[in-house]
Amino acid sequence: MITLEGINRIFQVGDQQVHALDDISLTIQPGEYLSLMGPSGSGKSTLLNILGLLDKPTSGRYLLEGREVTSLSDDEQASVRGEKIGFVFQFFHLVPRMSAFENVELPLVLAGMAPSVRRERVHVILEQLGLMDRAHHRPDQLSGGQRQRIAIARATIMKPSLLLADEPTGNLDSRSGTDVVEVLEQLNAGGITLVVVTHDGQVGKRAGRRLRMVDGAIVKDERG
Amino acid sequence: MRLGDTGKFAAQSLIRARGRTLLMLLAMSIGVSAVVILTGLGEGARRFVTGEFASLGTNLVIVIPGRSETTGGAAALMAGETPRDLTVDDYLALSRNPLVSLAAPVMVGAAGAARGRLEREISVVGTTSEFLKIRHLSMDRGKFLPGGDPSRAVNVCVIGEKIKQELFGKEQALGEWLRLGDRRFRVIGVLATGGRSIGVDIQELVVIPVASAQALFNSPGLFRILVEARSRDVMPRLQDQIRRTIAERHQGEEDVTVVTQDAVLATFDNILRALTFTVGGIGAISLAVAGILIMNIMLVAVSQRTREIGLLKAVGATRGQVTMLFLSEAVLLASLGGLLGLLLGYLGTTAIHGVYPDMDSQAPLWAVLAAIGVSSLTGLVFGIVPARRAAALEPVEALNG
Amino acid sequence: MRSRDFVGFSLSSVMAHRTRSILTTMGIAVGIAAVVLLTSIGEGVNRFVLAEFTQFGTNIVAINPGKATTFGAPTGVFNTVRPLSLEDSDALNRIPYVTSVVPVVQGNAEVEGSGRQRRTMVYGVGSQFPEAFKFLVAAGDFLPDDDPRAPRAYAVLGSKLKSELFGDANALGERIRVGGDRYRVVGYMQSKGQVLGFDLDDTVYIPAARALDLFGREGLMEIDVLYAEGAPADEVVAGVNRVLVSRHGGEDFTVTTQQQMLDVLGSVLGVLTFAVGALGGISLLVGGVGILTIMIIAVRERTSEIGLLRALGATRQQILRVFLGEAVILSSLGGLMGLVLGIGGAWLLHLAIPAMPVHTPVSYILMAEAMAVVIGLAAGVTPARRAAAMEPLEALRAE
Ligand SMILES: Nc1ncnc2c1ncn2[C@@H]1O[C@H](COP(=O)(O)OP(=O)(O)OP(=O)(O)O)[C@@H](O)[C@H]1O
Ligand SMILES: [Mg+2]
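Chains as they are written, first to last, in the numbering used here: chain A, 4 to 227; chain B, 27 to 427; chain C, 14 to 412.
Chain A on its own, in the form it takes in the complex:
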């Protein structure tokens, strides 16, 4: 379970203050499927980054599975990210010199897992995503949709409880976009908590819970 209480995020740009998140309170149940929509600059990415421990709120409390995480040290946050959170980015962020296999393997490598275990797990997940035949291709030899699926495989290989996707279809045509969303929804069906930021109404509609943000505040929270 995720609980945000009175989260503020203020950016200082020169002598000007940008209030990117304005007193956000939010509870997300395990296994929920959220979409986050709103105009550009409304604070969607900022909220996602705070959820992913990539950014710290200026004030407010963040409880992840009952644990206060905003005050954790840099290294502790890194290990929470590694174990509990998966990210999917608009621009994939694959390491260009590494094969698909190696990209997916990366979190396991960082966690210090044994090579034999790693191979096993990467194979399983690539099999699930139908990417086995692309395992030894480098990112520049893959299509956008394939790249994003590799990125999803990488985000979920550590079996995180929370999957955060910032405009995962933003760089894809609608067909591969749908593919990618379906993969994410399959994972959600498997029990993972999924938060998707999107500008695409079609994609946003599919979520069980739909949030709308304007000027750093959640203005709408619909379910069903």
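Please keep in mind that the hints were generated in silico from the structure rather than gathered at the bench.
All values derive from a computational prediction rather than experimental measurement.
Honestly, I wouldn't trust all of these hints.
As the list claims (entries may be wrong) - On the chain C side, residues computed to face chain A include the following (Cβ under 7 Å):
{"no.": "1", "residue": "ARG15"}
{"no.": "2", "residue": "ASP18"}
{"no.": "3", "residue": "VAL20"}
{"no.": "4", "residue": "SER25"}
{"no.": "5", "residue": "ALA29"}
{"no.": "6", "residue": "PRO157"}
{"no.": "7", "residue": "ALA324"}
{"no.": "8", "residue": "GLY326"}
To be verified - Derived coverage of chain A by chain C (criterion: at least 3 residues anywhere in the stretch with Cβ under 8 Å from a Cβ of chain C; other residues may be distant):
{"no.": "9", "segment": "55 to 67"}
{"no.": "10", "segment": "72 to 82"}
{"no.": "11", "segment": "90 to 98"}
{"no.": "12", "segment": "103 to 115"}
As the list claims (entries may be wrong) - If you want a taste of the chain C side facing chain B, the calculated C-beta under 10 Å gives, among others:
{"no.": "13", "residue": "LEU36"}
{"no.": "14", "residue": "ILE41"}
{"no.": "15", "residue": "GLU100"}
{"no.": "16", "residue": "GLU123"}
{"no.": "17", "residue": "ARG230"}
{"no.": "18", "residue": "MET234"}
{"no.": "19", "residue": "ASP265"}
{"no.": "20", "residue": "ILE295"}
{"no.": "21", "residue": "LEU297"}
{"no.": "22", "residue": "GLY300"}
{"no.": "23", "residue": "THR306"}
All residues carry an ideal CB built from backbone N, CA and C; glycine is no exception.
For chain A, the structure is supplied; the task is to place chains B and C with the ligands on it using the hints.
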């Protein structure tokens, strides 16, 4: 494209990548300053040594007892004893030669010097009054050895400044007695400080008349005869005549080695020149390394600026122009580094000169020119590969890259 | 993260930019090669010189007249008021551990034999000279153990002098003149070659007492005392001091052990080797700047990768290690390449100029490689820290 514009373009991209430009300048300037400082040191040493020799007069001919047929110069200087000594009479015979302006016999040895309870082992030189002029020495106080018949033993001595300090301290030395071995000598002069002379510290010397030295060491043999020729031109002739004179006096046996100061000087000069060249060369290896670095960074720049190159080509830049742009960037970088290195090098040599005033460590002009030339050339040579790679990019690919 | 994975990760980025990595590596390689080659030459010369000296054995003590040295040369060559005598030499024979004592007078004279003449080195020595200095007699005998004060007029020829005067003919029993005096040849020596520029074969050996007469000298130039292998040098020196002080009434001589000489020589040559090595090190410094530059560029280029790794749970420490590892891989590969170049260069040099002594001790190889690693670490530290200090979010955003 005008040359000025090419330069401006290159300078702009160097300034934009400030950090790496500085590092490359650093690398190049380390190389250049290494060459400048090292050759400066070598040249300084050479000048120091040649200066020392020159101060002894370049018209000097040295007569050494003994002659060896196989061994070379080094051995000749250490020829050791000979059955027939080089004597004071030999010296007198040589000094009568009209080609000779000055001549002095030299006898050297070691003896205990004592004054009261103070005693130490010192180097003793037995010679005549001419020694002062031949060795370009000067007096601090008192007088040098008196002239006159060299075969007359007079118990007077001239001492170096350090000996004076050690045995007399602040007291007056002139007119005092000094015991050398089992004889007593009256101090008549103190040598001025000012210089060492090729391995011998003038300040730690006691000079006595040659006849007294013969008596002291109980040996008639001279260590050297120093002869100064009237002019440089007559030196070969004088050398021949010296050999002949000695042979006549030694029952036809030519048992001396005659060397000119010039010959010794030339040997040292050659050795030190070679040394300077070698250390300069070793320093220059780092220039090559700096060149490799420049090539490397330029290659990186080409791949990072692929789009820019594509754009340039799209707006009509020719291959030649693109090549020129990158090449001039490399050359600019290398020569700026070279200049910086030169500056550092001069600071270095100046600092060395400050610490060791005796060392006139100026890098020779050839080394400076070579360092600058090589560094610019390095830029050119190592800039070619990246520049050609840039020029060879296809405009469309470059724009998409 | 496992250490193998660290290496693998760093290696993958080194391999990804092949040209760049090779050039960076080459910078270090040239530097290491220069250091290895130069120190190899230095060490080769060092060993050569030491071997030249130790061929006479290391258990020798030399005694020269006069205290300390004068004009930087052994005092024996110059005059002194306190000569060493043949009787001194005799007395030293009775010191414990001493196996042989050789009085030495050296000079230069004309030698005449079988109608030919030649100016050569004359050594006035004692009968124990060959065993003390490990010289071998080729034919006949060395000088006999005569009464040191009245030895017979026998001479032994060095191999070169023998062939110059007598060619291949038998010289034993022949009469020669040394500086006008008549001697009978009783033997000649095996060739010893040149030692530090002195031709040891162009010599004639005569009894020390006769050499003193010949040169009109009062005292010996040197007395060399050989002591038993393994005997304590200190005690021998103490014995020499005791005997000579009691005979002379004071310490008016200088005792130098071969070991002292070797130590001084060794340290001088060691400094020299170090100095040329340091000169080569300048290139290494430039190579280090090369690694620094390339690593700074790499960190800049891979900012978003760093952000990604941090998002995936990498700690700052891990990022630091990855980039340090990369720098060290570059420099140690460069080091290996440099070792190959340097050792190969030394070997080629030796092939090209056989007279040039080169030697590369294993310790130097290890040291050079260690130096390369240290340079990698030093050059990598700044860029790696810069990488580790990046905020994940900002790094992810970077283009
Ligand atoms: N690092 C930053 N420094 C300063 N201001 C920032 C920073 N990051 C975000 N902002 C500001 O915070 C506000 C929210 O930005 P955010 O990126 O969360 O918007 P978004 O809803 O994700 O927009 P988009 O749909 O365009 O991605 C914006 O006004 C933005 O300018
Ligand atoms: Mg956004």
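Hint check:
no. : hint       : result
1   : ARG15      : holds, 5 Å
2   : ASP18      : holds, 5 Å
3   : VAL20      : violated, 12 Å
4   : SER25      : holds, 6 Å
5   : ALA29      : holds, 4 Å
6   : PRO157     : violated, 83 Å
7   : ALA324     : holds, 5 Å
8   : GLY326     : holds, 2 Å
9   : 55 to 67   : holds (count 3)
10  : 72 to 82   : holds (count 4)
11  : 90 to 98   : holds (count 4)
12  : 103 to 115 : holds (count 7)
13  : LEU36      : holds, 4 Å
14  : ILE41      : holds, 8 Å
15  : GLU100     : violated, 17 Å
16  : GLU123     : holds, 6 Å
17  : ARG230     : holds, 6 Å
18  : MET234     : holds, 8 Å
19  : ASP265     : holds, 7 Å
20  : ILE295     : holds, 5 Å
21  : LEU297     : holds, 8 Å
22  : GLY300     : holds, 5 Å
23  : THR306     : holds, 4 Å
Violation of the numbered hints given earlier is confined to hints 3, 6 and 15; the remaining hints are satisfied by the structure.
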